[in-house]
Amino acid sequence: MKEAIHQPRALVLTETDGVAILLDPAIGGDTIVLLDSGFGSIGNVEAREPIEPFHKVAIRKIDAGDSVVKLGETIGRASCSIARGDHVHVHNVVSARLS
Amino acid sequence: MMHEQPFKGFRRAEGRAGIRNCLLVLPVGQCANELALACASGISGAFPLLHTQPCAHLGEDNAAARSCLVGLGRNPNAAAVLVVGIGCDSISADGIAEEIASTGKPVEWLTVSSCGDWNTVIERGRAWLATQQKAAASLRREEVPCSDLALGIKCGGSDATSAVAGNAAIGQAVDRLVGAGGTVIFSETTELIGAEHLLMARAATPSVRNEIRAVVRRVEDSILATGVDPRGTQPTPGNIAGGLTTLEEKSLGGVIKTGSGPIAGVFAWGAWPERNGLHLMDCPANVPQLLLGWAAAGAQLLVFSVGGGLPARIPSLIGTNVGGFPLLPILKILSNPRDRDVSATFDLDASGVLDGRESVDHVAIRLWDRIAATADGEPTYLEDYPAPAVQMWEMLVRGPTI
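In order, the protein sequence lines correspond to chains A and B.
In terms of the working numbering, the first sequence opens at residue 27 and continues consecutively.
In terms of the working numbering, the second sequence opens at residue 15 and continues consecutively.
No wet-lab data here; the hints were simulated from the structure.
Note that CB positions come from ideal geometry on N, CA and C, so glycine has one too.
Be a bit skeptical, because a hint or two may be false.
[Said to hold, decoys possible] Coverage of chain A stretches by chain B, computed from C-beta distances (three or more under 8 Å per stretch; other residues unrestricted): (1) 70-81; (2) 96-106.
[As the list claims (entries may be wrong)] Under 8 Å between C-beta atoms, here's a sample of chain B residues computed to sit facing chain A: (3) D173; (4) G208; (5) G257; (6) R352; (7) H376.
Take these sequences, add in the hints, and give me the full structure.
Shown next as structure tokens:
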């Protein structure tokens, strides 16, 4: 039996961003297609775990303590090392301001 | 200044034109809320604005509440204002009425003290409102420049789609209105933490820059001073479920709706901005306080950007138990395509941006047209929403209640 090909999409909002916003649900092993804000394909990343739509996937490695950048701005700091393809959320990012 | 089409509003004796004719019934304190309700009951167009002002607030809070009440009466959407009180209130009904009357609009004040008893206030109040109802019905809309528009902007139920769709479109509409000489007011100081540097860079003057920094620092310090970890509160559990991780991320998405233009000023809750342009109203992210603040600052219309998820499933006004606030019509915008099945409870569906079906530029044009139509009199979704409950609107309190 042939498995359905999962190619969820994710938006990279700004060139300098380290994360992309999932537009479709992803499961571990999916090849996520990365889109720029004009919905043109700019590459892909392999999901390492399930990620819900509109949550973030790391599109590059982010070391513990480094800034997590979205919309070209720091949205927090990595609380542990984040690999490319990881779900980026409250379990691995903390506010740089209120913590 | 960019020229835009005029809208059709109700010219007032002074100041900006209104987009609605509200018969505002304004109690000066919460002891008079029942009077306001009884005066307005069954009178179409009458809005009893119930609120939480007690007798036991101190100087600064009382002054802000007083200024708020005057501003609510001055709001261009109020065609006539009935001020009611007991007579022993900490804010005097006659004083408020006198200041509102300086706008030239019809104003009456009645208290238990001036009328002799409780029921007489209600009888006289109802008779006065009936007269004003007839007068308001004879008012006709006229062409008014869109520089007369003052817009409040807010997000609620934010998720990761808000910044990409609804807020991005609002930002373009804001630039357009400010470019045409109009006024836009954003607020929710807590939700500027982490994004204040972007706003400071847009301050029209060094003093506005300092004020932006000061109001954000004050709210941040007040949170840290509690010693309580704010995570799970800001961002809210709903925001986190929607993919927002930190307050900074929420803030960065939120400020997108302020557009790209200069910030003309910062003003305190309860005050009225001195000039047109883009302003920050210093108020926490609490809807019953925010709506009072916007209306008291003269806004005629609020654009409310909703992300998605469970908050998008609330058909009424998020953050309250009612459908809306008659003095300030509200346009609801949806951003998340997964909630498109409830888009009928919104005035504008911006979610096409998230699946590449519609550009932000195009949504912004539709939003502008919807703002113009609302200003011309087209009812919003919430204006038609049945409201079985009663809402107490909240005065902003910074000091102790004694």
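Evaluated hints:
1. Judged by the Cβ-Cβ criterion of 8 Å, the stretch 70-81 of chain A is covered by chain B as claimed, because 4 of its residues qualify and three suffice.
2. Counting residues of the stretch 96-106 of chain A whose CB lies closer than 8 Å to any CB of chain B gives 6, which reaches the minimum of 3, so the coverage claim holds.
3. With its C-beta approaching chain A no nearer than about 6 Å, B/D173 sits inside the 8 Å limit, and its interface hint holds.
4. The restraint placing B/G208 at the interface with chain A holds, with a minimum CB-CB distance near 5 Å, inside the 8 Å limit.
5. Here the hint on B/G257 is kept, as its CB sits about 4 Å from the closest CB of chain A, short of 8 Å.
6. For the restraint placing B/R352 at the interface with chain A, the shortest Cβ-Cβ distance is roughly 7 Å, inside the 8 Å limit, so the hint holds.
7. Violation of the interface hint for B/H376 is found here, the shortest Cβ-Cβ separation to chain A being roughly 13 Å, above the 8 Å cut-off.
Checked against the numbered hints above, the structure violates only hint 7.
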